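K.L.:
Sequence:
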Amino acid sequence: MSSKKEQSPSMTAAKYADILHLARPKPSHQHPRMLVENRAKIFSPFAALRGYEEEISEEGWKKTRVSKKELSEEDIDRLSGLLRRIRSGMTVTVRYFQEDTVHPASPPLGIFCELTGRVERIDPVFQTLHLSDGTVRTDIRFEDLDDIDIL
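Taken in order, the sequence shown gives residues 94 to 244; the numbers are from the working numbering.
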């Protein structure tokens with residue numbers, strides 16, 4: 094049983110019957126109402142451990158890294174043939190190795206990414222493939238390529 098006196102809803106209504114029918118008071122000029130956007134900021138979540146989420150995501154990134162695999166001669170020849178067939182403006186999907194430059198390791202560790210985009214340029218001198226997905230331009234080194242699919 095609760096130590097507070099419990100009141101029935103009818104007793105509460107009777108207690109405040111003289112003010113229940115009144116309209117909501119208008120805010121004063123000295124204390125205007127707070128905007129809804131600002132009110133929401135008051136109740137935003139509080140991060141007691143600042144940087145904790147970043148640390149957790151970084152640890153997750155470290156665990157998903159893999160070693161860069163060496164391609165066989167057949168795979169290198171196949172990729173070279175595909176690169177010779179690609180022209181600017183074509184749409185391709187490439188799978189490539191993205192090295193983790195924040196935490197360098199030997200042999201290189203990173204992740205394999207897949208990107209579909211329009212070929213902007215193939216640079217045989219610097220051996221790079223320049224792709225654009227419409228918003229971001231990505232430069233991929235030939236040595237990082239794992240697979241190419243011409244669409």
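Derived by calculation from the structure, the hints in this document are not laboratory data.
Among the hints, a few may not be true.
Between beta-carbon pairs, the in silico distance windows are [unchecked claim]:
hint: 1; residue 1: Glu151; residue 2: His122; range: 31 to 39 Å
hint: 2; residue 1: Ser121; residue 2: Trp154; range: 49 to 57 Å
hint: 3; residue 1: Pro200; residue 2: Glu130; range: 45 to 53 Å
Taking lysine to any residue pairs in the SDA-like style, the calculated list, with each CA pair at most 25 Å apart, reads [claimed, not checked]:
hint: 4; residue 1: Lys162; residue 2: Lys108
hint: 5; residue 1: Lys162; residue 2: Pro197
hint: 6; residue 1: Lys162; residue 2: Thr221
hint: 7; residue 1: Lys161; residue 2: Lys119
hint: 8; residue 1: Lys155; residue 2: Ile215
hint: 9; residue 1: Lys161; residue 2: Arg230
hint: 10; residue 1: Lys134; residue 2: Tyr145
hint: 11; residue 1: Lys161; residue 2: Pro201
hint: 12; residue 1: Lys161; residue 2: Gly174
hint: 13; residue 1: Lys161; residue 2: Gly210
hint: 14; residue 1: Lys156; residue 2: Pro118
hint: 15; residue 1: Lys162; residue 2: Lys119
hint: 16; residue 1: Lys161; residue 2: Ala106
hint: 17; residue 1: Lys108; residue 2: Pro118
hint: 18; residue 1: Lys162; residue 2: Phe136
hint: 19; residue 1: Lys156; residue 2: Ala198
hint: 20; residue 1: Lys156; residue 2: Pro197
hint: 21; residue 1: Lys161; residue 2: Val185
hint: 22; residue 1: Lys155; residue 2: Thr231
hint: 23; residue 1: Lys162; residue 2: Ile204
hint: 24; residue 1: Lys162; residue 2: Arg143
hint: 25; residue 1: Lys156; residue 2: Pro201
hint: 26; residue 1: Lys161; residue 2: Tyr145
hint: 27; residue 1: Lys161; residue 2: Lys134
hint: 28; residue 1: Lys156; residue 2: Ile215
hint: 29; residue 1: Lys155; residue 2: Val185
hint: 30; residue 1: Lys156; residue 2: His196
hint: 31; residue 1: Lys156; residue 2: Leu142
hint: 32; residue 1: Lys156; residue 2: Ser199
hint: 33; residue 1: Lys162; residue 2: Ala106
hint: 34; residue 1: Lys161; residue 2: Asp111
hint: 35; residue 1: Lys162; residue 2: Asp232
hint: 36; residue 1: Lys162; residue 2: Lys134
hint: 37; residue 1: Lys161; residue 2: Ile215
hint: 38; residue 1: Lys156; residue 2: Val195
hint: 39; residue 1: Lys119; residue 2: Ala106
hint: 40; residue 1: Lys156; residue 2: Ile204
Note that the structure is a prediction, hence the values are computed from the model and not measured.
For every residue, glycine included, the Cβ atom is placed at its ideal position computed from N, Cα and C.
K.L.:
So, for every hint listed, does it hold in this structure?
P.N.:
Structure-based check of all given hints:
no., hint, verdict
1, Glu151 - His122: 31 to 39 Å, "violated (50 Å)"
2, Ser121 - Trp154: 49 to 57 Å, "holds (53 Å)"
3, Pro200 - Glu130: 45 to 53 Å, "holds (51 Å)"
4, Lys162 - Lys108, "violated (78 Å)"
5, Lys162 - Pro197, "holds (16 Å)"
6, Lys162 - Thr221, "holds (19 Å)"
7, Lys161 - Lys119, "violated (68 Å)"
8, Lys155 - Ile215, "violated (32 Å)"
9, Lys161 - Arg230, "holds (23 Å)"
10, Lys134 - Tyr145, "holds (21 Å)"
11, Lys161 - Pro201, "holds (6 Å)"
12, Lys161 - Gly174, "holds (22 Å)"
13, Lys161 - Gly210, "holds (23 Å)"
14, Lys156 - Pro118, "violated (58 Å)"
15, Lys162 - Lys119, "violated (70 Å)"
16, Lys161 - Ala106, "violated (73 Å)"
17, Lys108 - Pro118, "holds (20 Å)"
18, Lys162 - Phe136, "violated (49 Å)"
19, Lys156 - Ala198, "holds (13 Å)"
20, Lys156 - Pro197, "holds (14 Å)"
21, Lys161 - Val185, "holds (22 Å)"
22, Lys155 - Thr231, "holds (23 Å)"
23, Lys162 - Ile204, "holds (11 Å)"
24, Lys162 - Arg143, "violated (37 Å)"
25, Lys156 - Pro201, "holds (14 Å)"
26, Lys161 - Tyr145, "violated (29 Å)"
27, Lys161 - Lys134, "violated (45 Å)"
28, Lys156 - Ile215, "violated (33 Å)"
29, Lys155 - Val185, "violated (29 Å)"
30, Lys156 - His196, "holds (12 Å)"
31, Lys156 - Leu142, "holds (22 Å)"
32, Lys156 - Ser199, "holds (16 Å)"
33, Lys162 - Ala106, "violated (76 Å)"
34, Lys161 - Asp111, "violated (78 Å)"
35, Lys162 - Asp232, "holds (20 Å)"
36, Lys162 - Lys134, "violated (48 Å)"
37, Lys161 - Ile215, "holds (23 Å)"
38, Lys156 - Val195, "holds (14 Å)"
39, Lys119 - Ala106, "holds (23 Å)"
40, Lys156 - Ile204, "holds (10 Å)"
Checked against the numbered hints above, the structure violates hints 1, 4, 7, 8, 14, 15, 16, 18, 24, 26, 27, 28, 29, 33, 34, 36; every other hint is satisfied.
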